[in-house]
Amino acid sequence: MSTILKVVRYELRNVIRNRWVITYALFFFLTTELLLRLGGSTPRALLSLLNVVVLLIPLVTIVFGTIYWHGSREFTELLLAQPVRRGSLFHGLFAGLVLPLSLAFVMGVAIPLVLHRGIGRDSAALLILMLVAGVSLTAVFGAIATLIAGVVDDRLRALGVALGVWGLMTVAWDGLILWTTVAFANRPLEGPLLVMTFLNPVDLARVLLTLRLDISAMMGYTGAVFTRILGGWTGTAAAVTGLAAWAIVPGLFALRAFKTRDF
Amino acid sequence: MISARGVRKRFGRIEVLNGLDLDIERGSITAIVGPNASGKTTFNRIVLGLVRADAGDIVFDGKRLNGDARYRERIGYMPQIARYPENLSGRDVMSLVRDVRGDRALLDEELVDLFTLGPVLDKPLRVLSGGMRQRINAALAFLFRSDLLILDEPTAGLDPISAGTLKDKMRREREAGRTIIVTSHVLSELDEVADRIAFLLDGVVRFSGSRDELLRATGEETLERSVAALMRGGSGRADAP
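Residue numbers (the numbering used here), protein chains in the order written: chain W, 171 to 433; chain H, 24 to 264.
It cannot be assumed that every hint is accurate.
Only pairs whose alpha carbons sit at most 16 Å apart, straight line, appear in this in silico EDC-like list of lysine to aspartate or glutamate [what the hints assert, rightly or not]: (1) 176(W) / 122(H); (2) 176(W) / 115(H); (3) 86(H) / 46(H); (4) 176(W) / 126(H); (5) 429(W) / 91(H); (6) 429(W) / 77(H).
Far from chain H by the CB rule (all over 10 Å, computed), these chain W residues [stated by the list, open to error]: (7) 211; (8) 233; (9) 283; (10) 294; (11) 297; (12) 324; (13) 335; (14) 343; (15) 350; (16) 352; (17) 357; (18) 418; (19) 423; (20) 426.
No lab work stands behind these hints: they were computed from the structure. Ideal Cβ placement from N, Cα and C applies to all residues, glycine included.
Put together the whole structure using the sequences plus the hints.
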């Protein structure tokens, strides 16, 4: 346990000073600030922020994560020659990746809202959901990046795979949903679409937010289906559970790869 | 101290270790020699747990290695090419390693002094020359007074004076009862310090024993010629008792 903390402390010091993480935090800060000034109310600003969250967080996390793991090869080799268990090192490194990125996102969004005194009773729940969705996406794509970096040795190829996975889960996925609804327009699609939502963490995060926004129909077909079938807090709980599974399953595979590989 | 039996390792299609048997005696300096790609570094990294063997057993001080990390408290490792996190200085690396080892004992900073590393320890490692990094690398391995020291091509990249300093240090550590494994592809380098010699070729130990035994087994007069004879014929199989 204490080894994990030592590794996390070291990586935190390292990653927080990373200029990409600082830029990332600043980006969320400026975007939220801008949306508050232009749009006025907090719910509207958060709604506009939604698409930024579900596209940008996966992209930045999966790219940064893949580079991070390849970049910590030296550190890993140095520590594994010491009395450090591979599991401890893995958990320490994983936390060192996900914590700073999550922190950058949470601070970037929350600070402008606090400064504008924008958190009222109506918007507090929404803000919390937004933060939960963003942090979950960071954990999910951090885990996927970890798995990619653990399986694909070559730095550039790993980066290519990471970008491919991101494109598949964001752009290509929406196309697939659209194609499904058009191709099977005269059949009941609610069941299959519900299943498809759980197959994609980006969709799950989007659904998690739209469920509380009363605009689910606007946010695409899966959101509408989800609201109708799972509605309310059941749907929220199901989406959060789905996101957790999306972080844990790739994470466990990545841990196994890390424990058995050669350095 | 270490007893390896039937260790096999393949990387892709290349068989690096091919059923390696080797005993490392406590309190001795064992030189593992052999041409490039004969499996010396892989053996070291398997002992350290950095590489997982496909088959075979390694017993460290009576205990079979099984993934538990604690035995590494007793090992100091000097890798052939030390790759450190980009922005760390030598001092950072030393305190980081000390931190994760939880080592409270008095450090052995003799090599830091002998190599006059004081002025460069605060510079980022990436701006230092290869030789300077190699000295820091060596100093780090000896820092924790470990029972077993694994030195992988320690003198490569060191100037003759530093190499001499390192060899003297190795002798002092042996007098203090420590065990040392040292690899090299040039035997003459280790001639003066090695008590025992293990010759690796194509992933197996072709000879293991004291230097006198090596000379007798090959009927040659110098170590260099003996090893050459082993490389040529591969016939000088005379495993020491």
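Here's how the hints hold up against the structure:
| no. | hint | verdict |
| --- | --- | --- |
| 1 | 176(W) / 122(H) | holds, 8 Å |
| 2 | 176(W) / 115(H) | holds, 14 Å |
| 3 | 86(H) / 46(H) | holds, 14 Å |
| 4 | 176(W) / 126(H) | holds, 14 Å |
| 5 | 429(W) / 91(H) | holds, 12 Å |
| 6 | 429(W) / 77(H) | holds, 14 Å |
| 7 | 211 | holds, 44 Å |
| 8 | 233 | holds, 19 Å |
| 9 | 283 | holds, 34 Å |
| 10 | 294 | holds, 41 Å |
| 11 | 297 | holds, 36 Å |
| 12 | 324 | holds, 14 Å |
| 13 | 335 | holds, 25 Å |
| 14 | 343 | holds, 35 Å |
| 15 | 350 | holds, 41 Å |
| 16 | 352 | holds, 46 Å |
| 17 | 357 | holds, 49 Å |
| 18 | 418 | holds, 23 Å |
| 19 | 423 | holds, 18 Å |
| 20 | 426 | holds, 13 Å |
Hint compliance for this structure: no hint is broken.
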